[in-house]
Amino acid sequence: MVLTGVSAAARLRGRPGRGRLAGYLYLAPAAVLLAAFHIYPLFYGAYVSLFRWGLTREAFVGLSNYRALLHDADFWRALLVTTYYVIGVVPAEIVLGFTVAYLLSQRIHGRAAYRLVYFLPYITSMVAMGLVWSWIFNANFGLLNALLRVLHLPTPRWLLEPRSILALLHFGRGLFAAGPSLALVCVTAVTIWYYTGFHAVVYLAGLTAIPTEIHEAARLDGAGGFGLLRRITLPLVSPTTFFLAVVATIGAVQSFAIVYTLTGGGVSGGAEAGGPLGTTRVVTLFIFTTFYTEFRVGYATAAAFVVFAILLALTALQMRIGERRVHYLGG
Amino acid sequence: MRISRTAAAHLLLLSGAAVTAFPFLWMLTSSLKSNVEAIRFPAALVPHDWLWQNYARALAAAPFSRYFLNSLIQSTGVAACVTLTSALAAYAFAFLEFPGRRILFGAFIATLLVPPEITLIPNFVVITALHWYNTFLALIIPMGASVLSVFLLRQVFLGIPRHLWDAARVDGCPPGYFLRRIVVPLSRPGLAVVALLAFLRAWNDLLWPLVATSTDNMRTVQVGLLAFSQNVSTDYTLLMAAAVMVVLPTAGAFLLAQRQIIEGIGTTGLRG
Amino acid sequence: MAFDNGTRMGRRALLGRVIGAAGGLALDGWIAPRGSGGSAAAADAPVPVAFWHANSGPLGTILSDLAGQFNASHPTYRLQPEFVGNYTALNQKIMSSVAAGAQPDAAQAGAYGAVAAYLRAGLLVPVQRFADGPDGLSRSSLADIFPGFREDNTYRVEHKAALVSWPFNKSVLVFYYNGTMLKSLGLDVPRTWDDVAAASEKAMRAGAVAAGMGWTPGSELFAALLYQNGGRLLSMDDTSVLFHAEAGVRALAFLKDLYDRKIMYLTKQFDWQNDLVAQKICFAVSTIVSQQYIQQDLKGAWDLGVAPLPAGANKATILFGSNGVIFAKARPEAQAGAWAFFKWWAEPEQTALWAARSHYLPLRRSALAMPPMRDLFARDPRQRAALESLDYAHPMPDNVAAWVRIDPLLQDAITKAVVGLQAPRDALQEAAAKANAILRG
Chain X
13 MVLTGVSAAA
23 RLRGRPGRGR
33 LAGYLYLAPA
43 AVLLAAFHIY
53 PLFYGAYVSL
63 FRWGLTREAF
73 VGLSNYRALL
83 HDADFWRALL
93 VTTYYVIGVV
103 PAEIVLGFTV
113 AYLLSQRIHG
123 RAAYRLVYFL
133 PYITSMVAMG
143 LVWSWIFNAN
153 FGLLNALLRV
163 LHLPTPRWLL
173 EPRSILALLH
183 FGRGLFAAGP
193 SLALVCVTAV
203 TIWYYTGFHA
213 VVYLAGLTAI
223 PTEIHEAARL
233 DGAGGFGLLR
243 RITLPLVSPT
253 TFFLAVVATI
263 GAVQSFAIVY
273 TLTGGGVSGG
283 AEAGGPLGTT
293 RVVTLFIFTT
303 FYTEFRVGYA
313 TAAAFVVFAI
323 LLALTALQMR
333 IGERRVHYLG
343 G
Chain V
50 MRISRTAAAH
60 LLLLSGAAVT
70 AFPFLWMLTS
80 SLKSNVEAIR
90 FPAALVPHDW
100 LWQNYARALA
110 AAPFSRYFLN
120 SLIQSTGVAA
130 CVTLTSALAA
140 YAFAFLEFPG
150 RRILFGAFIA
160 TLLVPPEITL
170 IPNFVVITAL
180 HWYNTFLALI
190 IPMGASVLSV
200 FLLRQVFLGI
210 PRHLWDAARV
220 DGCPPGYFLR
230 RIVVPLSRPG
240 LAVVALLAFL
250 RAWNDLLWPL
260 VATSTDNMRT
270 VQVGLLAFSQ
280 NVSTDYTLLM
290 AAAVMVVLPT
300 AGAFLLAQRQ
310 IIEGIGTTGL
320 RG
Chain E
664 MAFDNGTRMG
674 RRALLGRVIG
684 AAGGLALDGW
694 IAPRGSGGSA
704 AAADAPVPVA
714 FWHANSGPLG
724 TILSDLAGQF
734 NASHPTYRLQ
744 PEFVGNYTAL
754 NQKIMSSVAA
764 GAQPDAAQAG
774 AYGAVAAYLR
784 AGLLVPVQRF
794 ADGPDGLSRS
804 SLADIFPGFR
814 EDNTYRVEHK
824 AALVSWPFNK
834 SVLVFYYNGT
844 MLKSLGLDVP
854 RTWDDVAAAS
864 EKAMRAGAVA
874 AGMGWTPGSE
884 LFAALLYQNG
894 GRLLSMDDTS
904 VLFHAEAGVR
914 ALAFLKDLYD
924 RKIMYLTKQF
934 DWQNDLVAQK
944 ICFAVSTIVS
954 QQYIQQDLKG
964 AWDLGVAPLP
974 AGANKATILF
984 GSNGVIFAKA
994 RPEAQAGAWA
1004 FFKWWAEPEQ
1014 TALWAARSHY
1024 LPLRRSALAM
1034 PPMRDLFARD
1044 PRQRAALESL
1054 DYAHPMPDNV
1064 AAWVRIDPLL
1074 QDAITKAVVG
1084 LQAPRDALQE
1094 AAAKANAILR
1104 G
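Chains as they are written, first to last, in this note's numbering: chain X, 13 to 343; chain V, 50 to 321; chain E, 664 to 1104.
Source of the hints: derived by calculation from the structure; they are not laboratory data.
On a predicted model such as this, the values are computed, not experimentally measured, just so you know.
Just to be clear, a hint being listed does not mean it is correct.
Just the calculated beta-carbon pair ranges, DEER-fashion [claimed, not checked]:
(1) X:P247 - V:R106: 49 to 59 angstroms
(2) V:L77 - E:Q942: 23 to 33 angstroms
(3) X:R161 - V:I158: 44 to 54 angstroms
Each residue gets a CB set at the ideal place from its N, CA and C atoms; glycine is no exception.
Bound conformation, chain X alone:
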């Protein structure tokens, strides 16, 4: 790094506006760190996933980790749980975020205060708020059940309930696998609570970027209320919607801290993380416990790559949809 000072300064003397080498040197710190801890892991991880690797590297097994994953019921279940989770989280965050932003954009008094409150969860510790929510959801002493008891309503076990929410609401016949468990629904709700403010803020920026002339013109043409919303506003914020959809999906697939705090963590007897009967065991938890508790490093890395591939495919799919349906202002 000391080289930067000497050689670049030497080259600079007398030559106006030069910076060719300097460009690379300025990029170097960030580039080196990114290459070392974001790009290199990709290749090194691919290498690791081809081995049976426990505490130490054991044997080259080629693709057999991946083959084993295909037959691993736990892995498929983790994918299923993640799917339920993503489907539950992403649309809700987007819809709620947009609703809040839309309301706030209607020249509301105290907009800054509202924005502050809604955004607050996003910058606080997931662990701390996860603990608060698990206290609220506590089956015996939590606030929710206390309220339900006052109203003489049944008090579900929330984060301890492995039965699917459909079964509990008496749709379907109590099939274990049909639909997310109540515990997963609780985790989903907390996630939505956590991120809605972020979506609202991004949408708000997008909404306020729409030139008011467009709205004025539409109103002059007789468009009102809902029609305005549907025909003008929504299409105009579609870049933001698209952006948030991609970001939220990626974020949901990678979600760890909230789920781990609410339903994981490992009780001292050695129970694996993942809530009641593993019904909140999303893929990140699967990868984490396979890696950190069972210490099957090669297998866990292979699982991470499968998830990565799925994520790439999902993002590519969203990009394809986005290309066709996103309207950019000004071409």
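Since chain X is already given, all that's left is putting chains V and E on it; use the hints.
Chains V and E only, in chain X's frame:
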């Protein structure tokens, strides 16, 4: 007509805000209750006695002051590292010309695609090979670069009037000088936002510090809080007091700089 | 112009500051990994022995006190206890630190199968080597240690049975009850599960409690019932599971029955303690160590009773706890120091002191005659319940490395059956099939 629409909007917003804010209030009031009161039914909203000593007890029950110190060192280190590397990189992308600039920019973007699940295990193996395991280097260095911060700062730098740069070039001003004397002073708000966001992200990070540390005295506040909740702790009020202590610094920082933070985050969405 | 010089200075100064900061971090010693390393100790400086454990809070304080006593009486060594987390976290951290080459000299191992896993990975020095060595144990000493504890730590090493780990924290599953409430309802202390059911129903009918018992699902209570029904968890040679035999089905069906009759409900982690204290339930099953925590929360509100685990067809209960291990990568002096600590730990005076203060079990019979234990029994006769149970206590198979993956399967089966999602027989069959597949490798 118009009035009731605003009223309806306020009603909706207020109820949403109430749901959003309520857990914080509950956390605060629960932290001041006695455990007996906390588990009693019906649950009181306002504690009967305000037991400030719960906080003292929480501090004594686990080495939270050490956890806080570790988090402070980690988050400050990450913030400094990210701001430095991002400013340098953003400067290069915004002003300097060099072959392959566009490709490198694309490469930077491409790294966003690599998810934490992929980087977690290989980074762990690399950290152990470097003998950085359970040290601050492991907590700080891998998190020391952020492409989003590079974007943000590039945006900010591009906002600096181009004629300043042109004039500097004509005068033969070396890039480092321009950065130090012109760009940085003009971009202080942007730099502050990047630093603050990096600080917050590092402070709230759980997975990497969980994996990169082993002993209790190297734990960050998130890992420590989680461990505290898993040990023999049936005293929820103590847990809530600990949670309040963990949330307070970030909430405080946020309240002080909320406009900048919110706007900083909002603009990342505009580029799409 | 003045720019050139200024630039060189400016950038150099900036870089200099960055390098200086990085160097500062390094020099602060934050780079060096922890462990018994560090500079070579001078001939008369005490040998540091890094010991990782899972005793939090008050237990950790007691351990530190005892470590201090050890260091005072053994000036050649300096034991450095380090709290790392609960048993799961401790296991995780040991494994990741092994991967990092930064493991401690000795540690407590409480996660199921941990010792077996470490042994298989070649990480340990069997304590037998030290027990047979110059600073070893006499036969009578060894025989004085409760046989169950010795068996629990014996493995096949090079075709011979050898002590690999050393008993450290030992506890048994006991039965807690609300003494005041039972007395007021005119109930006797339950001795069998039928007694428990009857007493619970009476208490529930009287409106005194919401349910008889609160239970966080775990394999230990099931295992106790399994043994009470004459079954076993594993075959004698540890190659296949047996918990799905008739005895297991009966045990699980019994638990399900308790749940269906609303005599028992399920809780999370230690919530049953809060429930017991708040008198929502009047019975609970847990280790003897829980007593002090419940007592602490009670603040004298009512009398806590402790009894041996209720019997079924037979008497049986479960042995818990952790064992100590010594790592092969530790320096020979540190290994010797770790052994000195373990040996000292099991001596009658120390084990009596530890047992009396922590409510874990003493490791040997002669400790029962020591003053701390005698005082304890005089003050608190309830402690006898745990000791009585030792005669029929069975250890969990934590000397089977694969158990760390089998235990969650068993727990899931138990929960599913109790909650009614699957019939007990089917749940156990399913878990057994998967478990046997894991055992086969």
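To see whether the hints hold, each was checked on the structure:
1. As the Cβ distance of P247 (chain X) to R106 (chain V) is approximately 56 angstroms, the hint placing it in 49 to 59 angstroms holds.
2. Remark: the range hint 23 to 33 angstroms for L77 (chain V) to Q942 (chain E) is upheld by a beta-carbon distance near 28 angstroms.
3. Evaluation of the 44 to 54 angstroms hint for R161 (chain X) and I158 (chain V) yields a pass: the beta carbon distance comes to about 53 angstroms.
Every hint from the earlier list agrees with this structure, and none is contradicted.
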